[in-house]
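Undergrad: Take the sequences, apply the hints, and build the full model.
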Amino acid sequence: MAHEVGAVVSRKKGDPVSVETIVVPDPGPGEAVVDVQACGVCHTDLHYRQGGINDEFPFLLGHEAAGVVSEVGPDVTEVEPGDFVILNWRAVCGRCRACERGRTWYCFDTHNASQAMTLTDGTPLSPALGIGAFAEKTLVAAGQCTKVNPEARPAVAGLLGCGVMAGLGAALNTGEVSRGDSVAVIGCGGVGNAAIAGARLAGANRIIGIDLDDRKLEWATGFGATHTVNPHERSPVEAVQELTGGNGADVVIDAVGRPETYRQAFYARDLAGTVVLVGVPTPDMRIDLPLLDVFGRGGALRSSWYGDCLPSRDFPMLIDLYLQGRLDLEGFVTEEITLDGVEGAFERMDRGDVLRSVVVR
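Taking full-length UniProt numbering, the leading residue of the sequence shown gets 1, the next gets one more, and so forth.
Treat the hints loosely; a few may be bogus.
Claimed, not checked - If you anchor each label on the Cβ, the simulated ranges turn out as follows:
id, residue 1, residue 2, range
1, Thr338, Leu301, 38 to 44 Å
2, Pro150, Asp214, 35 to 41 Å
3, Met285, Gly180, 29 to 35 Å
4, Ala300, Asp121, 47 to 53 Å
Stated by the list, open to error - Subject to a maximum C-alpha distance of 25 Å in a straight line, what follows is the list of computed DMTMM-like cross-link-like pairs (lysine to aspartate or glutamate):
id, residue 1, residue 2
5, Lys13, Asp340
6, Lys12, Asp284
7, Lys12, Glu56
8, Lys147, Glu336
9, Lys147, Glu80
10, Lys13, Asp353
11, Lys13, Glu343
12, Lys147, Glu78
If you are wondering where the hints come from, they were derived from the structure by calculation, not from laboratory data.
We put the CB at the ideal spot given by N, CA and C, even for glycine.
TA: Quick look at the structure:
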């Protein structure tokens, strides 16, 4: 039997969101219904509301979520009712050329639920990143449910569903930070501080946080930065070189995604060092670098999409590290709110007042 539940809907580009009643259908083949317990407020949700992703309004927002599976459809073997899960937007297919080569984290054919959730008048909703979790219940593909230890608090577990995983993975998976490395992170918001936490977890011996906001630099120190740099006060490139014996960092992570920050990352790395782009650029942005410098400095220029994560591998491991006290996921939760507080959370996020607001039930 279909469920009518409260949810946060964005009806029109730029308009404030509203809490409305939506219809969540019974799960079909390969689908699951999840009772959402917590969902983080991510910049991607704001981009949907602003029309920056596409114009397929109305949107059902929310995607950084954790909850309990309440129903499963036919042929579902991954999870069963009662499982505590983190939702992910990379349900791998297992059949594409990346999956067949054992590189499932690059899957080219990830999938979502086939059925649509709707408004009560039957209008189909477009769920953010195929999830739509600012809701009491949501319908997803069963492969989007990653079972983890239920001892984890939902408000922190759900953050691995997007931003925190993107930052951790940028350091651990894409950047391959290892013990003794020097790491610089440009941009110390949620993703950047997660990259700092990942570098610390990997055993980096020098971690440099770079941001224009001194408050964010304080957060960076709390997550493991050994040094901080405010570009208002000195050149980030010169500062990183000075802090690394004149060489530059082994890995530089750009968590902003602008041409100027990418250029800084490129020149702040050591010879044969690695640049990781995890901040998301806009379609109009371009970068101009001397090709001789690209050739002469060697190393690697990498892009990190969702932290190059494999949810079935990474989410349970990271939750275990959190439960062991080795990964401070609690530090990312600035405030806990209800569904009707999402619009205000967008405003605070846009001002940089929070790392994460989390909707909890």
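Undergrad: For each hint, tell me whether it holds in the structure or not.
TA: Do the hints match the structure? See the list:
1. Thr338 to Leu301: 38 to 44 Å: The hinted range 38 to 44 Å holds for Thr338 and Leu301, with Cβ atoms some 43 Å apart.
2. Pro150 to Asp214: 35 to 41 Å: holds, 38 Å
3. Met285 to Gly180: 29 to 35 Å: Roughly 34 Å apart at Cβ, these two residues keep to the hinted range, so it holds.
4. Ala300 to Asp121: 47 to 53 Å: Because 51 Å falls inside the window, the suggested range holds.
5. Lys13 to Asp340: holds, 19 Å
6. Lys12 to Asp284: Holds - the C-alpha atoms of Asp284 and Lys12 are around 23 Å apart, at most 25 Å.
7. Lys12 to Glu56: Holds, because 9 Å separates the two Cα atoms, which is no more than 25 Å.
8. Lys147 to Glu336: holds, 23 Å
9. Lys147 to Glu80: holds, 10 Å
10. Lys13 to Asp353: Measuring from Cα to Cα gives roughly 24 Å; hence the hint holds.
11. Lys13 to Glu343: Satisfied, since the Cα-Cα distance of roughly 14 Å is no more than 25 Å.
12. Lys147 to Glu78: Roughly 8 Å between the alpha carbons, so the hint for Lys147 and Glu78 holds.
The structure is consistent with each of the numbered hints, conforming to all of them.
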